[in-house]
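Participant: Here the structure of chain A is known, so what remains is to put chains B, C and D in place on it, guided by the hints.
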Amino acid sequence: MSNRSVVVVGGGIAGIQASIDLANMGFRVYLVEQTPSIGGRMAQLDKTFPTNDCSMCILAPKMIECAGHENVELLTYSELAEVRGTEDDFKVTVRRKPRYVDLTRCTGCGDCTEKCPRRVPDEFNVGLGKRKAIYLPFPQAVPRKVTIDEEACLYLTKGRCRVCEEVCQAGAIDFEQQEEILELEVGALLLATGFDPFDPASLEEYGYGKIENVITGLEYERLICASGPTGGHLERPSDGKVPGAVAFIQCVGSRDVNYKPYCSSVCCMHATKEAILANEHYPDLKSFIFYTDMRAVGKQFQEYIIRARDEYDVSYVRSRPGKITVDEETSNPIVWYDETVYSEAGDPVRRVTSLEVDLVVLCQALVPHTDHQEMAQKLGLELDESGFIAIEDRLFHPVDTSVAGVFACGFCQGPQDIPDSVIQASAAAARVAEILSLEDRELEHA
Amino acid sequence: MASESSDEGGNGYEPKILVFACNWCSYAGADLAGVSRLQMPANCRIIRVMCSGRVRPEFVVTALSKGLDGVLVLGCHPGECHYSEGNYFTRRRGLLLKNLLQFVGIEPERFQVRWVSASEGAKFADTVEQVTEQIRALGPNRPQGGMHSTEPGDR
Amino acid sequence: MPKTRVGVFVCHCGNNIGGVVRVPEVVEYARTLPNVACVEDNLYTCSEEGLSSIREQIAEHGLNRVVVASCTPRTHEPLFREACEQAGLNKYLFEFVNIREHCSWVHMHDPAMATQKAKELVRMGVAKARFLEPQEEFESSVFPAALVIGGGVAGMTAALGLANQGIQVHLVERDQELGGLIREVRTLFPAGQATEEVLQPLAEQVRNHRQITVHLGSEVEDVGGFIGDFDVAVKADGQVNNLKVGAVIVATGAEELKPTGLYRYSELGNVVTQLEFEERFKRGADVPRDVVIINCVGARIPERTYCGRFCCTTAIKNAIWIKEREPEASVFVLHRDVMAYGVQIEESYRRAMELGVRFLRYDPENPPQILGDGRAEAVRVQHQLMGKEIVLPAELVVLTTPLVARDDNPRLSKMLKVPLGGEGFFLEAHLKLRPIEFSTDGVYVCGSARYPANIPESVSQAYASAAKASIPIREGVVRAEAITALCDERTCSACGNCVEVCPFGAVELQEGRFGRTAQVNPAQCKGCGCCVAACPSGAMQQSGFNDRQLLSMIGALAEEMTGGVGE
Amino acid sequence: MEDKLQELVVELLGDGAMEYFIGYRQGFEPSHVVPCFVTDKSEADRLIWGPLCLQNLSKYVLQARDLDGKVGLLVKGCDARAIVELVKQHQIERDKIVVVGVPCEGQVDPRKMEQVLGVSMEQVTDVEDAGDEFLVKVGGEVSKLGKEQVLRDKCFYCKHPTSFDYDYTLGEVQPFTIDSESEEYDAVEKLEELPLEERRAYWLKQFERCIRCNACREVCYGCYCKECIFDRTDPRWLDRTPLPRENEIYHLIRAVHLAGRCIDCGECERVCPVNIPLGRLYKKLQKDIAELFDYEAGMEYDTVPPLVDFELDDQDPFL
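Protein chains in written order, with my numbering: chain A, 1 to 446; chain B, 1001 to 1155; chain C, 2001 to 2567; chain D, 3001 to 3319.
Please note that a few of the clues may not be correct.
To be verified - Partner residues are not named here, just some residues of chain C that face chain D (Cβ under 8 Å, in silico): (1) V2287; (2) T2491; (3) A2494; (4) A2534; (5) L2551.
Everything labelled a hint here was simulated from the structure, so no lab data went into it. For every residue, glycine included, the Cβ atom is placed at its ideal position computed from N, Cα and C.
The following block holds chain A by itself, in its conformation from the complex (with noise of 0.2 Å):
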């Protein structure tokens, strides 16, 4: 019955919603995710602006009640390999890549990582702690097993060692599975697969990735977050030390014409956030926020951004900083910005300063999935110049992709928080619902 069903794309919050929503709706929904877990971005934030929930506690429920739901079938660590049809009656090739691990069998128990000698970088934790070869990528993991990592693992890489299949009781190891691929016959895609972080190496003059205290916004994320490589700890990468005093960074590659001309919509509130996370953790710890515009648009934003001032010695700093410079021996960066300060006779003057701090987090722009350009190729959908999903009539069909049958929801096709990524999933989900039940209606009157 293929027009009763759906492939959604990417496994994020909106994926989830989107899912959730049509398989309450009564449709089938084929959940493709790229990782070997749903969750998406929201998984790596410790806290979620404005209301400071926590970010997991809050998405977890979700997460469990798709997987949990009758229509919904999730097809992790897998990715859209073909997509051949119209609207109505789509065929979809998905390449299941090989976890080599029998999910039937495997419980998630951690004793084959533990186990495990082999250690890579943790892209969960953008980097910054170490991961087993093979492992579970956070620990509310949905579904909650475990894969081999085929450029890490020994034995697949050099045919040593293979001491998780001894100590797996399950007997879930299984170094033969090969790749799989699924034909898929549905009505709709929906797709959801949301951003990735801009690498703010690019901008020399802030010093990322050569001044060991200059960090991403999602770096500071995962070190704040009691799930993180540090406990929760904020031990800044140079030596540990909790830091006094944090700056953070505004619009770094966003509106800017030479990276990213547009606003990304979310890095005033998230940065207001941290800054009021770390006084929290770290009572006498200040913040000071370099911005351009401190875009709170949302509901409840202006209240936080007010609270952040006046509670958490959060102090907001109008100005771009032009560069940043590290003290070499306490390794603190120094931040280089101008500012106007006024003569005794009253008029102004332009000068440069700088501000010592112990850390700085940069909040990067955010751009749509890497490999978002491969899949809307195998779509024949068209990308806008800043490369989101064109939207062709952003008014009145927000969430229509140029390929009928084809929707968008979520930072994929535009910056948006939570909330808004949320209602999208929820509006795509009704456009979906429009075509699959377009057949029911002709039938009733045919």
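Facilitator: Same frame as chain A, but now just chains B, C and D:
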């Protein structure tokens, strides 16, 4: 902010206060106070009920006479009750019970009713702070059993 | 009766709980409580691992009660109840203890007291859990139609979103025509499209749709009933007609703030709001040469703290509109922050600057002043870079104000029994993950009625509310939580107190096995418990919150005080 | 007066207007009056009326609920308010009762009379109403006692000498007034003015004496529950032991149950074997209910009891 350490206020007497909170408004307000990390004294214990209208006077009288130091009933603001009328009955019962308890000599601060909505995290924290301090000032609510008077009863 | 065996699961929630409450101490304490068969602690009980440990412990220890001490039941109770159900345990034999929002997060500076409080809360939870009884949920059918209140862009889109799924819709609009607020807007962002070009086809589609009944010049007079069975009274020129619907979508929008008392608005003729600008100048009137636009008028101030979200977009759109028609016109936009979020708005912000629109930041502490008597002639403002006051000539001053909640909202909110937030907009169930639903089942909200939203956002929210509203309608049945009241007819003395207090008319005195006694209709009972509190003899009880359960919690709390064992 | 009553009862029994009649008769001592149930014309002559007919007989009508015919009832004005409440609380239909109103001119409070006379009530062989005095016969001699010395408290501010809703009456009666400076709520206000600790001590002394014999509950018209909440075992609200703490719960909760329903018939106080001044507790409730909700129990059939009703503009000190 809230009283910092717990042993301030006399000989380390820590009142124990029973709070009834309605699921839709005051319990949500308490959650919001939590989410906003509003620090407050730790003397209150919340029992969740679906509506403040569920709290029968027997609970209040029993709690006070079993020696709890105070009972605080929280509900939605009149007009905002999820069940539209529940808190109107809480209001009348509260008015009557407050007078009756005062008439038999129980300090008025020991039984209080307050309206806290789902978006009033701060008001919840302030209410807890205020009620705790008022009751701490009264001192322990000695269980009545212990109070054997000696003179013969008079008319 | 099998012996009561309670399982207690104490959550660390990362360090949200474990960072303040000494969880191991609470675990050891829980073991000492009566009827407790097993106690576990988890880093994240709500994770798959936590849930499977609950399922396993139920099987392994033959648990017939489960208590989870973690965050708030308002978000996680369904999740843990389902875990119990999957292990074959009736999901109402579950009790939730909040030791995060009500304990660790609010007693961070006093771990000792927080731990003591957590122990007592667990003791109270276990005391109640011992007296929980299995329940079955009551199912009621869903009427396959929906009501949409408000015929603006959001309302029309929501109606289409449902109708195109084959669902019957009643769209009620106060005015005599569809369109709402954007009828007062001439050109639309970003491309400057004429509103009529888009509005008429949309309204046309709604009017001709087989599944949509449009009620113009009509107002919703009253809404009774509950999800699946709403009785709606719609009044149109004097007479009322009653509709039956299964779900309600609020799309009543908002209105532009008329900033009386600010910037001499009502005093000077040529000081207008953005909508008045649209009305006056986009009908062919000659374009003024010197225009000063002032943003954040009546917004982000102590009396009205929120940001109007897309008023900056409107200011940019109209600034571009002027410059495109009068390239030499001098257009200043005095702002506090330019909220040009996203791709398109930032693009048009840059385009406005390229066209020569000058953006100056003003300090809210010393805002711009309008000069001139009888007519505005200039605007004096402190130039932050030059550090001194400058005077901008102004033939026209346009004040950019936020949308404000309609004053009809309180009436609607009472009628639908849904809450309003601080600024008078409708308060959604959860700001982050349930932005267009209410905690009241079956009622949804979209568009500026929830918070100022531009057209794409209103349309997305409208489709989203259509998706949500279609779920119960498609399923056809709704299960009510089993917390309804039940009368023990053997001991009911038919005093009628319960009949008087029930807000839903769910209780009546009827002849039964024991003569005339109170009988509760579970379909109508919403589980508030008012009747239970009004019943002198205790014959009326509420499932999940009966007297024995609540009294045992009081006993458990007071146990330490009087030494007596709580029942 | 008594013969008029007896004739009426004979007549009503004769033409089958009622199955039986509830009235008063002489007890085993001359000053002791007990309720009596006349089913046959021949027993009508046992019916009496006088200032010692203290009981509020209304509660007995509840036995006639499942009777086919009607039941007759002799009732004073103050006690008749119980009939209004019983009907309002769906306990019995009004037309199942034949209400015989009796013009009452004040009743004797036996305890007060014993204190004034200095002898126990057993010695008193007859009390007769003589306008503003009582003629009291003790051991053959008759002495006059001013009514204000021995009247029951409730008679001082009597508002309803005869039931305003009756089927028959034994004679019209002029409104009964007794000039005395004490106002209706004096006793309550006196207690209210006491400082908190004294009030606490006062009431604890009262509740300590209670032996939980439940007489006040058995006599009260309003306590008609099939199974009283205090007799329940799931949950057990009260321990059996008459600790002051348990007694206090009992009295406060019973007061709350009667709030807005107590008609001030004074029976609870009268029957209390340890003389607990329950009248003051219930008077306090009546005062609050009148002030807060402008309501008086037992006066109209169509009003809703205050605690199961509300006004939008109720007093709200809890904002």
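Participant: Hints first: check each against the structure and report whether it holds.
Facilitator: Going down the list of hints, with the structure as the test:
no. : hint  : result
1   : V2287 : 53 Å, violated
2   : T2491 : 4 Å, holds
3   : A2494 : 5 Å, holds
4   : A2534 : 5 Å, holds
5   : L2551 : 4 Å, holds
Going through the hint list in order, the structure does not satisfy hint 1, though it satisfies all others.
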